[in-house]
Amino acid sequence: MTGADASASHRALLDRLNEVAPELVADARRQSAVGDVALLAREVLTAVRDGGELAGYWLAYVAFAAAFPTEPQLDGFRRAIHLASESDLVTDALASIEIAHRTHRRSTRTIRILRDEILVDVGFSATHVHNTGIQRVVRSVLPRWSAAGHPFTLLAWTADDAGYREPNGVEQARVLSWGADGGAHTADSPDDALLVPWRSRIFLPEVPQYEQCRLLACVAASGAADIDLIGYDVIPITSADTVMAAESERFAIYLDVVKRSRAVHAISDTVRDEFAGFVGALSAQGLPGPVVNGVSLAVDVPAAARAVAAASVGTAELPTMVCLGSHEPRKNQEAVLFAAERLHREGRRFRLVFVGGGSRRAYAGFDRRLALLRSRGMNVESARRMGDDELWALIGSSRFSVFVSLHEGFGLPVAESLALGIPVLTSSHGSMHEIAGHGGCVEVDPRDDEAILDGMRALLTDDALHERLASEAAAIAPRTWDDYARLLWDGVSEGRRR
Amino acid sequence: MNEIEAAVGQRVTALAAYWEVSDDPAALADTLERDPSPERMWTFLAAIGAEIPSRRAFGHAIRGLAVDGGRATALALHGEALRLSGERAVRTIEIVADRVVVDVHDTVATERTSGIQRVVRETVRRWRVTGRDMLLVRWTSDGRSLRTLSTDESDAIDQPRHMAGAVDGERVIVPARGVFVATELVAETWRARRLEGLGANPAIRVGAIGYDCVPLTSSETASSGIARQFPQYLQALGSADRIIAISEAAGTEFRGWRRMAASYRERVPRIGVVPLAAEIAPPSEADLADAVRVLGASPKRPLVLVVGSHEPRKNHLAVLEAARQLWAQGVDFRLCFIGATSWGSERFHDEVDELQRKGRPLVVVTAASDGLLAAAYSRATVSVFPSLHEGFGLPVVESLMLGTPVVTSGYGSMKEIVDAGGGGVLVDPRDDSSIADGIRRVLTDRTLRERLVAEARSRAPRSWDDYAAELWSRLVEDEAETVDA
Chain A
1 MTGADASASH
11 RALLDRLNEV
21 APELVADARR
31 QSAVGDVALL
41 AREVLTAVRD
51 GGELAGYWLA
61 YVAFAAAFPT
71 EPQLDGFRRA
81 IHLASESDLV
91 TDALASIEIA
101 HRTHRRSTRT
111 IRILRDEILV
121 DVGFSATHVH
131 NTGIQRVVRS
141 VLPRWSAAGH
151 PFTLLAWTAD
161 DAGYREPNGV
171 EQARVLSWGA
181 DGGAHTADSP
191 DDALLVPWRS
201 RIFLPEVPQY
211 EQCRLLACVA
221 ASGAADIDLI
231 GYDVIPITSA
241 DTVMAAESER
251 FAIYLDVVKR
261 SRAVHAISDT
271 VRDEFAGFVG
281 ALSAQGLPGP
291 VVNGVSLAVD
301 VPAAARAVAA
311 ASVGTAELPT
321 MVCLGSHEPR
331 KNQEAVLFAA
341 ERLHREGRRF
351 RLVFVGGGSR
361 RAYAGFDRRL
371 ALLRSRGMNV
381 ESARRMGDDE
391 LWALIGSSRF
401 SVFVSLHEGF
411 GLPVAESLAL
421 GIPVLTSSHG
431 SMHEIAGHGG
441 CVEVDPRDDE
451 AILDGMRALL
461 TDDALHERLA
471 SEAAAIAPRT
481 WDDYARLLWD
491 GVSEGRRR
Chain B
1 MNEIEAAVGQ
11 RVTALAAYWE
21 VSDDPAALAD
31 TLERDPSPER
41 MWTFLAAIGA
51 EIPSRRAFGH
61 AIRGLAVDGG
71 RATALALHGE
81 ALRLSGERAV
91 RTIEIVADRV
101 VVDVHDTVAT
111 ERTSGIQRVV
121 RETVRRWRVT
131 GRDMLLVRWT
141 SDGRSLRTLS
151 TDESDAIDQP
161 RHMAGAVDGE
171 RVIVPARGVF
181 VATELVAETW
191 RARRLEGLGA
201 NPAIRVGAIG
211 YDCVPLTSSE
221 TASSGIARQF
231 PQYLQALGSA
241 DRIIAISEAA
251 GTEFRGWRRM
261 AASYRERVPR
271 IGVVPLAAEI
281 APPSEADLAD
291 AVRVLGASPK
301 RPLVLVVGSH
311 EPRKNHLAVL
321 EAARQLWAQG
331 VDFRLCFIGA
341 TSWGSERFHD
351 EVDELQRKGR
361 PLVVVTAASD
371 GLLAAAYSRA
381 TVSVFPSLHE
391 GFGLPVVESL
401 MLGTPVVTSG
411 YGSMKEIVDA
421 GGGGVLVDPR
431 DDSSIADGIR
441 RVLTDRTLRE
451 RLVAEARSRA
461 PRSWDDYAAE
471 LWSRLVEDEA
481 ETVDA
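For the protein sequence lines, the chains are A and B, in the order given. Take the first sequence: its position 192, counted from the start at 1, is 192 in our numbering, and no numbers get skipped. Take the second sequence: its position 457, counted from the start at 1, is 457 in our numbering, and no numbers get skipped.
Treat the hints as calculated values from the structure; they're not laboratory data. Warning: the hint list may mix true and false statements.
[Unchecked claim] Not everything, but these chain B residues come out facing chain A in the computed CB check (under 8 Å):
1. 64
2. 67
3. 69
4. 129
5. 217
6. 232
7. 309
8. 312
Don't be surprised by glycine CBs; every beta carbon is placed ideally from N, CA and C.
Take these sequences, add in the hints, and give me the full structure.
As structure tokens, then:
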């Protein structure tokens, strides 16, 4: 380390201590230490130790390390301070960080405290152009909060996951005005200040990355900030056979954040019950766990979609069933195909269209099966992806939609089909059952092949039933994104003066 | 007739005998055509394939049944069996019905005596001695089939030993009807899949011992491997009929998980509780002498004992911090840890080294015989067990049984034990000062200590005999309705 580096990191540490000192050290003592890094460091540590509050240790750690700690790292720091003699206080505290967090000690990073704010972690949506499920929620809700004048601050993560940073202009736009321009991938600059939540509320509309979860659990456990999150589903735990083992593990680590959070805003009543189950298990480790609210997700298809769909009604040559959703075992496409094959053997005439992507592994066998069935005269096809207009037209021209997934947090294809006026064959449990409660659906047990077959046959052949369901679907008033954004803000801002 | 044909012929014969039809693949096929029930399909699949089918394979067969009928499905599977190669191709079967099949796969192959292995050994040993009608099994090395135990493996229930390179033999077990007991935590994907497959047979009732849900609810204290596998185990347990948890706290966890899983299952397991037992023989004179030598225990200085493996969940760094605080305040005691090094304990060992360099009276024993452990409990003034999360908390019970008070966590299974008869001081394990305070009180408040010792001594012991008998009745005999009380 050269002398110049040393003095730069020295200056940065002084800056960081100056930023946290007003939160931790009494004015008189602070003023007597002004400009003297060793003196100020001592004052901060002494104040934290005397205060005895875990949040104070957390903030001090961030100032010294220029990085957020994990719980074991914070414990080590706290115990080192507790134990140190007066003369070794600063040395011992730094040494404990040195053990835990070697790389950050000499950082020249500055920090900025965000106090008493609502902070929204958009680490993924800000830095990626990917736009399915969760990102669509993020990009639908936050612009509405912004338009409504709700005060909140967006956060992204530094590339080394040291902590939060401010998203740059492109990244902000990717969240707040999506659609104009997705933009290129971005990264943080090394000069970015670390943003430090303090007595604030962090809102997690995304599932954070693995490393970030450990840091967030510590933020919440220490009391430096509280955490609210959207609960999407618990599929990686309770349908572990349908995901990769690594995904289950990642989710278990995310549950460590959930466990320490203030509130979960679940996207359906079913998901609310699932998270409530998790919370119920926490008494065994002496934790109260978060409150769990149900805020049902919006289903808002654009007016253009309704127009295209309406114009396509009656255009199909054969009665058409459409099956939307990515190709994976959980979505149960094999059962749909199996039922359709039997319907075909019964001599029924229809067309079946699957729409959805997936891994090569997921659909290689499926495609072979489709080719075989086509060669036997069955009218079945599969589209990996489809433009919006084409998809809306397809749905509009379909007699009904089939979505008999084994497990969903919400079941968007069911709600979207209904919003376009199309009856749906769906699963009789969980969130899909919840949506079906509003009408327009035939419900079946997705593990019961006979039930799927019977339901499909009924929707295909029973015109009175079909007509009744279609008129039920037309009468449903779907929850709008405006409604969802408003209810979610009410939940997330609960108990905060603003 | 070649070897494979002979083996498949034996399976046909065995299934024909079980179904009481003539010894002929066509007769079996006709039976499945007449009665295409899931139960028959499962048994046919398992018997002719000489394996426990996965739920997925079973699902495919059921679909085949619906489209092609029983006869065609059966004959196709019979044909497949004849085309198999490798070990499974030449396996023969024994169909087991109306017996209790008990899986002791890990326990009979390891010399380790972890908590789970201890429970399995103590329980199965007693079931055996009391003449329960059961069949002990483990999985074949290809992870597909069940087999009975070798003599060595059978002996290993009583005499733990390491079993290298087990030989499977040709005969495998097909449980067609009855109870299957999963005594162990299943930490392998292949085994979870097969356990789930067993539960898919409507004529088999799977019952499991539920130890805890730590890898789900305390992932921060679980090693990476188990956090990855545990949901698959839970998935398999989803098809069980009942889970008997080892404490009320563990039962609470399994009920919470069940609620997480309930909305997407046609049925969920019933959950009951049979609290675990603990027995520990009082130490001999020789053991007590050993304790003096190994632990450096002396009558002059109180001994504070910490039993448990070194891993983050056991919270040993907090114990060290509490001890430092007390030593700094002039409280005199010797601190002794007994337990194996598990994972994530580097910092613990570093700090121990440092404290020893500073001359603090501190000793870490990584391997101790039962006798030495008993002597340590007896010699100790207090046991400290401030774990962050336990399914049971064995050291708490063991210490109390030998009349030594405990300082332990004020929630979950540990509180449950103390509440049932006293002898302990409850603390907040997430607060070092609370732990220190608990230890100090027991060491320095003579009235308190005497009361705790008296409470510990008057606790009603809970024996393994009790546990084994109750567990058998809850897992095997009880009507389902009485389990979920």
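The hints, checked one at a time:
1. 64: 10 Å, violated
2. 67: Interface hint status for residue 67 of chain B: holds (7 Å vs cutoff 8 Å).
3. 69: For residue 69 of chain B, the interface hint is violated, since the closest Cβ of chain A sits about 13 Å away, which is over 8 Å.
4. 129: Violated: closest Cβ of chain A sits about 33 Å from residue 129 of chain B, beyond 8 Å.
5. 217: 5 Å, holds
6. 232: At 5 Å from the nearest chain A Cβ, residue 232 of chain B passes the 8 Å test, so the hint holds.
7. 309: 17 Å, violated
8. 312: 7 Å, holds
Hints 1, 3, 4, 7 from the earlier list are contradicted by this structure; the remaining hints agree with it.
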